[in-house]
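Undergrad: Okay, here's what each chain looks like letter by letter:
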Amino acid sequence: MTTATATSHDDHHHGPEKGIMRWVKTTNHKDIGTLYLWFAFAMLLVGGAMAMGIRMELLQPGMQVMDPHFFNQLTTMHGLIMVFGAIMPAMVGLGNWLIPMMVGAPDMALPRMNNWSFWILPFAGGILMSTFFMDGGAPAFGWTFYAPLSTTFAPDSTDFFIFAVHLLGFSSIMGAINIIATVINMRAPEMKLMDMPLFVWTWLITSFLLIGAMPVLAGAVTMMLTDRNFGTAFFDATGGGDPVMFQHIFWFFGHPEVYIMILPAFGIISHIIPTFSRKPLFGYSSMVYATASIAFLSYIVWAHHMFLTGMPVAGELYFMYATMMIAVPTGVKVFNWVSTMWKGSMTFETPMLWALSFVILFTIGGFSGLMLGIAPADIQYHDTYFVVAHFHYVLVTGALWAIIAATLYWLPKWTGKMYNESLAKVHFWWAVISVNVLFFPQHFLGLAGMPRRIPDYSLQFADFNLISSLGGFAFGASFILLAYIVVDCIRNGKPVDARPWDGAKGLEWTLSAKADYHTFNTPPSRELIENESQHS
Amino acid sequence: MKRLTALLSALIATLSTRAFAEYGLNMTEGVTSVSRDIYDLHMVIFWVCVAIAVVVFGAMFYSIFAHRKSIGHKAANFHENTKAEFLWTGVPILILIAMAIPASKVLIDLEDTSKAEMTVKITGHQWKWQYDYPEEGISFISNLAQTSKDAINDNNKPENYLLEVDKPLVLPVDTSIRFLVTSSDVIHDWWVPDLGVKQDGNPGFINDAWAQIDEIGVYRGQCAELCGKDHGFMPIVVDVRSKEDYKTWVAEQQSAKAAAVASATKTWSEDELMAQGENVYNTSCAACHKKDGSGMVPVFPAMKGSKVANGAASDHINIVLHGKGGMPAFKMLGDADLASVMTYERKAFGNTGSVIQPSDVKSAR
Ligand code: HEM
Ligand SMILES: [Cu+2]
Ligand SMILES: [Cu+2]
Numbered sequence: 001m002t003t004a005t006a007t008s009h010d011d012h013h014h015g016p017e018k019g020i021m022r023w024v025k026t027t028n029h030k031d032i033g034t035l036y037l038w039f040a041f042a043m044l045l046v047g048g049a050m051a052m053g054i055r056m057e058l059l060q061p062g063m064q065v066m067d068p069h070f071f072n073q074l075t076t077m078h079g080l081i082m083v084f085g086a087i088m089p090a091m092v093g094l095g096n097w098l099i100p101m102m103v104g105a106p107d108m109a110l111p112r113m114n115n116w117s118f119w120i121l122p123f124a125g126g127i128l129m130s131t132f133f134m135d136g137g138a139p140a141f142g143w144t145f146y147a148p149l150s151t152t153f154a155p156d157s158t159d160f161f162i163f164a165v166h167l168l169g170f171s172s173i174m175g176a177i178n179i180i181a182t183v184i185n186m187r188a189p190e191m192k193l194m195d196m197p198l199f200v201w202t203w204l205i206t207s208f209l210l211i212g213a214m215p216v217l218a219g220a221v222t223m224m225l226t227d228r229n230f231g232t233a234f235f236d237a238t239g240g241g242d243p244v245m246f247q248h249i250f251w252f253f254g255h256p257e258v259y260i261m262i263l264p265a266f267g268i269i270s271h272i273i274p275t276f277s278r279k280p281l282f283g284y285s286s287m288v289y290a291t292a293s294i295a296f297l298s299y300i301v302w303a304h305h306m307f308l309t310g311m312p313v314a315g316e317l318y319f320m321y322a323t324m325m326i327a328v329p330t331g332v333k334v335f336n337w338v339s340t341m342w343k344g345s346m347t348f349e350t351p352m353l354w355a356l357s358f359v360i361l362f363t364i365g366g367f368s369g370l371m372l373g374i375a376p377a378d379i380q381y382h383d384t385y386f387v388v389a390h391f392h393y394v395l396v397t398g399a400l401w402a403i404i405a406a407t408l409y410w411l412p413k414w415t416g417k418m419y420n421e422s423l424a425k426v427h428f429w430w431a432v433i434s435v436n437v438l439f440f441p442q443h444f445l446g447l448a449g450m451p452r453r454i455p456d457y458s459l460q461f462a463d464f465n466l467i468s469s470l471g472g473f474a475f476g477a478s479f480i481l482l483a484y485i486v487v488d489c490i491r492n493g494k495p496v497d498a499r500p501w502d503g504a505k506g507l508e509w510t511l512s513a514k515a516d517y518h519t520f521n522t523p524p525s526r527e528l529i530e531n532e533s534q535h536s
Numbered sequence: 537m538k539r540l541t542a543l544l545s546a547l548i549a550t551l552s553t554r555a556f557a558e559y560g561l562n563m564t565e566g567v568t569s570v571s572r573d574i575y576d577l578h579m580v581i582f583w584v585c586v587a588i589a590v591v592v593f594g595a596m597f598y599s600i601f602a603h604r605k606s607i608g609h610k611a612a613n614f615h616e617n618t619k620a621e622f623l624w625t626g627v628p629i630l631i632l633i634a635m636a637i638p639a640s641k642v643l644i645d646l647e648d649t650s651k652a653e654m655t656v657k658i659t660g661h662q663w664k665w666q667y668d669y670p671e672e673g674i675s676f677i678s679n680l681a682q683t684s685k686d687a688i689n690d691n692n693k694p695e696n697y698l699l700e701v702d703k704p705l706v707l708p709v710d711t712s713i714r715f716l717v718t719s720s721d722v723i724h725d726w727w728v729p730d731l732g733v734k735q736d737g738n739p740g741f742i743n744d745a746w747a748q749i750d751e752i753g754v755y756r757g758q759c760a761e762l763c764g765k766d767h768g769f770m771p772i773v774v775d776v777r778s779k780e781d782y783k784t785w786v787a788e789q790q791s792a793k794a795a796a797v798a799s800a801t802k803t804w805s806e807d808e809l810m811a812q813g814e815n816v817y818n819t820s821c822a823a824c825h826k827k828d829g830s831g832m833v834p835v836f837p838a839m840k841g842s843k844v845a846n847g848a849a850s851d852h853i854n855i856v857l858h859g860k861g862g863m864p865a866f867k868m869l870g871d872a873d874l875a876s877v878m879t880y881e882r883k884a885f886g887n888t889g890s891v892i893q894p895s896d897v898k899s900a901r
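As they're listed, the protein sequences go chains A and B. The opening position of the first sequence corresponds to residue 1 in the numbering used here, with each subsequent residue numbered one higher. The opening position of the second sequence corresponds to residue 537 in the numbering used here, with each subsequent residue numbered one higher.
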């Protein structure tokens, strides 16, 4: 069935259009996946450049390269761009590329909407970036934009920020609807839900998180908009409002949001570890249930970000217990990955190196998360560099690590070619060492009392900041090599077989070496699905 | 991989021996019962994490070494084990319950401010702290020390750079103190690690926290909630004294206050006003309007050539007393300070406004 559609597409009218209009008008899930991924990479570089600016200012005590107001703009925009511009679009890009192939569908269920979800992004990103050039500068109130700093005390450009957040929300919600529709309606008729690979499962569950969380964010920014411009006082105590309510609304979005970024990563890792352990994934169904319970719990723990806002004790106790509970399903996942390796026949190609370091480093981020969840201890941790270390371990060496692992793992399927393995190994070691030099000392800084979001610090923090900055520059530079590795693979990579990893399972590996422009025009058979399932 | 990790930790260790010695890597134990309880919880949960890490990463590394294809290991084919899965769901739950019990006790204790013997009200302003002792009738503002401000662009940093203030909060030792924390503009957070107190100050609401400090000494902290441009420049210094020394300090403050009230009723000379006005301006206004009066247009208007500073005194007094948009209200400053700072704004930077006397401010309140 795959060979039947394999060769004919070039002269067939369903082939890709030539030139730039191919990308503008495309409704093909593979093209759109590619667009998302390149967009995310570009945003990663933009957000990364801002991080370099931040680390440059923090290299040593004193203000050397910028003023405090610009520093706040940089941290704010860095956070927003990394979350909404880099990690989320990259995950959507991977979902676009992989989900139809993994469920044996010819494309996404709503291809035109798919085009729109992508093409909104560059405009939202452009609007956000343009605020740097406005009077009063870009938003400078942190990516959490707490009121009233983001309302009464914010620069005029905040209204553009609000518009950009709305656009990003539309894009995400449309993307989520599309994925749900694809998985439910376009899945091969012979594929049961419990046959689906974990990347599909995690994305399906993530889509429900998106649909639940993004409208809440839209609500928050809309209230900000009316507070700023139309005389309402949702978050203004002098008008009967409450600034703490803003935080409740924000984190009701914000905590699910952090799981939106990590659940697809769990899915990716659950593909890579079995492949290179040459053993089926341990505990497939408990992985699915763990993902679902994490998603559920993520809606009921939001106020662990707010232990110091003056909540009543009963509230604090509840949110502490609920937060601690998340550690259980998260632990199950880690134990399952280790058990998958156990008694396997392991090899260490670069995607596996990224996956293994993901398990260790993400777990370190999980440990600091558990510590943060202990409400009394959070009094000392909250809003310090300890939190900065925590969320970079889960987001950089968690979500971003999985994205890089996935890119290398599926690149042969996307391009029909193999990347340069030895260069990729150099890149891996470079990144994994520098990222720890960058973020590990931040635990110490936080415990020693350095608040986050400050442009200058007292002398006892100087040494660790210096180390952290140097690690940061090295880590930043490693992405130049990553770009080279990917471009080199596309241009000069050696052709590969349809299944370049001998332990890999999944419908995508049954397609031709470079997946055709249109795949699964006829759905895969039951036999094929069973052979390629993760739990056989 | 092991060798690389060893190398890495050696590198970190040598590079930062100085920091190890100076400050340590860990949370402070602090000087209150609450801070010590927090420290203990922190250490317990830390070692729990270390223990879990040893088991999990140990199993993983064992697998990486023993179950490699390159040494000829053949893959087994199991993918389920109900007993194991039951175990690693159950054991973490038990560990978490064991953690939750002491954590709940500490939490309930530190939220209980009913035992307090005295109260201090803390108000965050962009970017300074105001301390009020309601029972003693004392009130003052605490700004980043000028020595630190001057050193921001200078390689020669003073001791306690960015952790020094012009007027510290003075407290008695061995006394249970309730802190009422609030804000006049955006959200701030009053944090002194050694006291184990970190509390958001929300505009329009009052939060509370408490501490009983066991040791005389000076403790330093910082604002811990992003509050705008100079969030990194509003430190906290707590000067804890013996009960007798504290009483003496209170008496001094009260008589100083009486003197200030008396001086506000007299008529000041322009030179007196200008001299004091320059000080007040540099500590309270220069963060936004800049030392040379140039401001940061368009966010913070320039004082040089300002229509208000060169216009009617009543408008000037009104905006400084009550604030407007991003301009904070300054009614917590004394009449003399306000009159002198406004006179300074009206006469310095080439401005040509009139003199304002403390009595003008008083009648405008
Ligand atoms: C074991 C699971 C986790 C637990 C128990 C946990 C717990 C916490 C807690 C209590 C905080 C608030 C700290 C504070 O502000 O004082 C926090 C912050 C944060 N966490 Fe986690 N976390 C976990 C996993 C994750 C994951 C998987 C992600 C994302 C992929 C994540 C991303 C973040 C982010 C971005 C923040 C910072 C938010 C801010 O700017 O204040 N966390 N976490
Ligand atoms: Cu959270
Ligand atoms: Cu602050």
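No lab work stands behind these hints, which were simulated from the structure alone. Accuracy of the hints is not assured; some may be wrong.
[Said to hold, decoys possible] Derived CB-CB ranges, DEER-like: (1) A/L470 <-> B/A620: 51 to 59 Å; (2) B/G886 <-> A/L470: 29 to 37 Å; (3) A/F296 <-> B/S569: 46 to 54 Å; (4) B/H858 <-> A/A233: 16 to 24 Å; (5) A/F230 <-> B/K860: 34 to 42 Å; (6) B/G861 <-> A/E421: 53 to 61 Å; (7) A/A483 <-> B/K860: 35 to 43 Å; (8) B/V580 <-> A/H248: 26 to 34 Å; (9) B/V580 <-> A/L481: 41 to 49 Å; (10) A/E421 <-> B/E695: 49 to 57 Å; (11) B/V833 <-> A/K494: 55 to 63 Å; (12) B/V833 <-> A/L470: 47 to 55 Å; (13) A/E421 <-> B/V833: 52 to 60 Å; (14) B/H858 <-> A/I184: 31 to 39 Å.
Being a predicted model, the structure only gives us computed values, none of them experimental. Ideal placement from N, C-alpha and C gives every residue a C-beta, glycine not left out.
Undergrad: What are the numbers of the hints that this structure violates, sorted from low to high?
TA: Checked against the structure, the hints that fail are numbers 1, 2, 3, 5, 7, 12 and 14, while the rest are satisfied.
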